[in-house]
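Participant: Now for the letters of each chain:
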Amino acid sequence: MAKRIDVSGLHVYYGDFLAVEDVSMTIEPRSVTAFIGSSGCGKSTFLRTLNRMHEVTPGARAEGKVLLDDMDIYAPDVDPVLVRSEVGMVFQKANPFPTMSIYDNVLAGARLNNRRMSRSAADDLVEESLRGANLWEEVKDRLNKPGSGLSGGQQQRLCIARATAVRPSVLLMDEPCSALDPISTLAIEDLIHKLKEEYTIVIVTHNMQQAARVSDRTAFFNLSAPGKPGKLIEMGETNKIFTRPDKKETENYITGRFG
Amino acid sequence: MSLTTAQPTDPGPGPGNPRRELRSGSLPRYFPPALLASSAAVIAGVLLAFSSFGFVLWGVLTALAYTVIAVAASTRIEGGRKAKDRLVTALVYLCFTLAMLPLVSVLWTVLGNGLARFDGYFLSVSMNGVLPGMDAGGAYHAIVGTLAITGLATLISVPVGVMTAVYLVEYARGRMKRAIMFFVDVMTGIPSIVAGLFVVALWILLFGPGATNGAAGAISLAVLMIPVVVRSGEEMLRLVPQDLREASYALGVPKWRTITKVVLPTSAAGLTTGIMLAIARVIGETAPLILTAGSSAVSINWHLFDGQMMSLPVFIYSQVRMGGAVNYERAWAAALTLILVVMLLFFLARMIGRLFAPKSR
Chain C
1 MAKRIDVSGL HVYYGDFLAV EDVSMTIEPR SVTAFIGSSG CGKSTFLRTL NRMHEVTPGA
61 RAEGKVLLDD MDIYAPDVDP VLVRSEVGMV FQKANPFPTM SIYDNVLAGA RLNNRRMSRS
121 AADDLVEESL RGANLWEEVK DRLNKPGSGL SGGQQQRLCI ARATAVRPSV LLMDEPCSAL
181 DPISTLAIED LIHKLKEEYT IVIVTHNMQQ AARVSDRTAF FNLSAPGKPG KLIEMGETNK
241 IFTRPDKKET ENYITGRFG
Chain B
1 MSLTTAQPTD PGPGPGNPRR ELRSGSLPRY FPPALLASSA AVIAGVLLAF SSFGFVLWGV
61 LTALAYTVIA VAASTRIEGG RKAKDRLVTA LVYLCFTLAM LPLVSVLWTV LGNGLARFDG
121 YFLSVSMNGV LPGMDAGGAY HAIVGTLAIT GLATLISVPV GVMTAVYLVE YARGRMKRAI
181 MFFVDVMTGI PSIVAGLFVV ALWILLFGPG ATNGAAGAIS LAVLMIPVVV RSGEEMLRLV
241 PQDLREASYA LGVPKWRTIT KVVLPTSAAG LTTGIMLAIA RVIGETAPLI LTAGSSAVSI
301 NWHLFDGQMM SLPVFIYSQV RMGGAVNYER AWAAALTLIL VVMLLFFLAR MIGRLFAPKS
361 R
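First to last, the sequence lines map onto chains C and B.
Heads up: the first sequence begins at 1 in the working numbering, then just goes up one per residue.
Heads up: the second sequence begins at 1 in the working numbering, then just goes up one per residue.
Don't take every hint at face value.
One-sided and incomplete, this derived list gives chain B residues near chain C with beta-carbon spacing under 10 Å [what the hints assert, rightly or not]:
1) 239
2) 251
3) 252
4) 268
5) 270
6) 352
7) 356
Distance condition first, Cα-Cα at most 20 Å in a straight line; then the derived SDA-like pairs of lysine to any residue [as the list claims (entries may be wrong)]:
8) B/177 x C/59
9) B/255 x C/140
10) C/145 x B/265
11) B/255 x C/55
12) C/231 x C/206
13) B/261 x C/59
14) C/145 x B/357
15) B/255 x C/193
16) C/231 x C/213
17) C/231 x C/13
18) C/93 x B/241
19) C/145 x B/261
20) B/255 x C/67
21) C/93 x B/358
22) C/140 x C/152
23) B/261 x C/101
24) B/261 x C/116
25) B/261 x C/104
26) B/255 x C/74
27) C/93 x B/177
28) C/194 x C/213
29) B/177 x C/86
30) C/93 x B/242
31) C/65 x C/25
32) B/261 x C/146
33) B/261 x B/280
34) B/261 x C/98
35) B/255 x C/56
36) B/261 x C/13
37) B/177 x C/57
38) B/255 x C/57
39) B/177 x C/169
40) C/65 x C/13
Source of the hints: derived by calculation from the structure; they are not laboratory data.
Just so you know, even glycine gets a beta-carbon here, dropped at the ideal spot from N, CA and C.
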């Protein structure tokens with residue numbers, strides 16, 4: 001079940017340094033939202049606050065409200081581990097677990113959470129997740145081989161299959177294609193199109209065409225000045241952002257005049 | 001320097017200008033080995049002619065002759081840069097040989113002296129009932145003791161050491177972390193005899209004076225092993241990419257499961273190597289074992305809490321102290337056994353490491 005994300009007044013700090021300032025936005029369910037903006041403007045940092053992954057970095061903390069449907073994920077009694085099984089994440093560099101086979105990688109989320117399941121249920125989950133990631137046909141004959149033997153694009157799709165096997169409601173993608181060739185990128189973009197039927201997808205990308213191709217809504221982040229915290233400048237329908245943005249800054253970035 | 005070809009009067013590219021010449025003369029591939037062999041032969045001949053042959057002199061003169069001739073020939077035929085390369089190559093090989101010499105020499109001596117008595121009989125009987133001067137007896141009781149004491153020391157120090165390393169890498173922050181790391185470093189430098197004394201004092205407190213047994217020896221070895229396991233384990237755990245931890249967290253996996261199922265398996269090969277190095281460090285310890293496990297046991301004793309226990313290093317020590325010809329033979333054979341045990345352990349560690357290592361095909 002895809003869920004809506006409502007962010008209001010979110011500040012992110014690294015120690016004393018304010019990295020992202022006052023972001024408020026709504027991310028619609030069953031749609032793709034793209035974050036664009038220059039490097040270091042806080043897109044990835046902000047993305048990681050959506051499943052509390054920033055807490056892995058020592059000293060990082062967030063203030064503000066993030067509602068997943070109606071539940072505040074920063075409420076004091078919320079377990080970050082449970083938040084992350086609800087909000088999955090795919091990273092820039094494909095990171096299948098090197099000690100596990102393809103099969104075990106897909107099941108990692110379920111197995112590592114000690115969820116008991118029968119052999120046939122596990123087989124079904126693996127097949128379903130790999131089919132969902134458009135990878136089944138390519139790997140069905142070598143499920144017991146290590147995941148690190150696949151090509152970069154296949155590894156990334158394996159990571160997406162692994163993320164979806166936990167059955168989250170939101171998928172965060174942090175520049176999932178930046179290390180891939182155009183063909184693999186196309187495969188992942190097709191997959192994103194398919195996945196948005198079921199999931200809420202948020203993708204950070206540096207590739208403007210990619211944002212235009214895959215996303216329904218686009219958010220533009222920028223630094224207010226060098227050394228100042230990043231801010232959400234503008235958010236809207238992708239069409240509108242790319243054709244007639246409200247802010248001059250957005251237009252400059254999109255047309256390649258800076259950043 | 002003679003590389004004056006970059007003068008302003010440089011006539012530019014031309015047949016007579018060496019600077020534009022990309023190819024230069026080169027010595028044939030077989031030149032270095034041929035030169036080395038011939039200079040070794042010639043110098044051996046000269047030394048024998050003067051009947052003053054000695055291996056050290058021969059080696060030094062050969063190295064010197066080879067270096068001088070090779071560099072001179074290279075300067076003439078190949079030019080300055082290649083000549084420097086030849087000089088440095090010769091130096092590197094020389095240093096490598098110097099580093100290998102003691103190692104080979106030790107192995108050679110131990111093999112030569114130890115093989116005389118190293119046989120099935122030596123490995124399968126103890127010194128029980130062997131009178132001084134008798135040509136009998138073996139090291140079985142010492143092998144048993146070494147395996148039992150080192151085994152218990154490993155059982156104690158691996159969980160403690162690995163868990164400390166996990167704590168340092170995954171949990172500890174700030175002052176606590178610095179304090180623990182400092183004390184681990186201090187412990188690494190503890191002389192082994194001090195570890196032995198510590199356990200002697202502890203045993204006197206717990207069981208009264210004169211209590212020596214295998215467990216005491218194992219604990220003193222564990223005191224020496226733990227810091228080594230912690231330091232190497234810490235390095236290995238740090239090598240696990242943060243990506244993998246994040247990948248696991250992002251699947252909603254709690255931290256302790258991430259550590260046990262992702263971080264530890266990924267670094268298992270390195271952890272095994274670290275543990276083996278720690279075992280190799282303590283398996284040859286003598287001083288703490290003399291203090292704690294005793295040095296007069298002669299019979300086979302598997303019981304770690306009951307009576308004195310012999311071990312291979314202590315066996316070597318006590319045999320050498322007796323000073324008879326047969327004792328020296330036993331000591332060398334025991335030294336060979338100890339080296340073989342360590343080599344076997346390393347071989348096993350390699351196997352285990354390969355078993356755990358991440359595979360990609």
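Participant: With reference to the structure, classify each hint as holding or not holding.
Facilitator: Here is how each hint holds up against the structure:
| no. | hint | in the structure |
| --- | --- | --- |
| 1 | 239 | violated (12 Å) |
| 2 | 251 | holds (4 Å) |
| 3 | 252 | holds (3 Å) |
| 4 | 268 | holds (8 Å) |
| 5 | 270 | violated (13 Å) |
| 6 | 352 | violated (14 Å) |
| 7 | 356 | holds (8 Å) |
| 8 | B/177 x C/59 | holds (16 Å) |
| 9 | B/255 x C/140 | violated (31 Å) |
| 10 | C/145 x B/265 | holds (17 Å) |
| 11 | B/255 x C/55 | holds (12 Å) |
| 12 | C/231 x C/206 | holds (17 Å) |
| 13 | B/261 x C/59 | violated (26 Å) |
| 14 | C/145 x B/357 | holds (14 Å) |
| 15 | B/255 x C/193 | violated (32 Å) |
| 16 | C/231 x C/213 | violated (24 Å) |
| 17 | C/231 x C/13 | holds (13 Å) |
| 18 | C/93 x B/241 | holds (12 Å) |
| 19 | C/145 x B/261 | holds (18 Å) |
| 20 | B/255 x C/67 | violated (24 Å) |
| 21 | C/93 x B/358 | holds (18 Å) |
| 22 | C/140 x C/152 | holds (17 Å) |
| 23 | B/261 x C/101 | holds (14 Å) |
| 24 | B/261 x C/116 | holds (16 Å) |
| 25 | B/261 x C/104 | holds (12 Å) |
| 26 | B/255 x C/74 | holds (18 Å) |
| 27 | C/93 x B/177 | violated (31 Å) |
| 28 | C/194 x C/213 | holds (13 Å) |
| 29 | B/177 x C/86 | violated (33 Å) |
| 30 | C/93 x B/242 | holds (12 Å) |
| 31 | C/65 x C/25 | holds (11 Å) |
| 32 | B/261 x C/146 | holds (16 Å) |
| 33 | B/261 x B/280 | violated (28 Å) |
| 34 | B/261 x C/98 | holds (12 Å) |
| 35 | B/255 x C/56 | holds (10 Å) |
| 36 | B/261 x C/13 | violated (31 Å) |
| 37 | B/177 x C/57 | holds (17 Å) |
| 38 | B/255 x C/57 | holds (14 Å) |
| 39 | B/177 x C/169 | violated (38 Å) |
| 40 | C/65 x C/13 | holds (14 Å) |
When the structure is compared with the earlier hints, violations turn up for hints 1, 5, 6, 9, 13, 15, 16, 20, 27, 29, 33, 36 and 39 and for no others.
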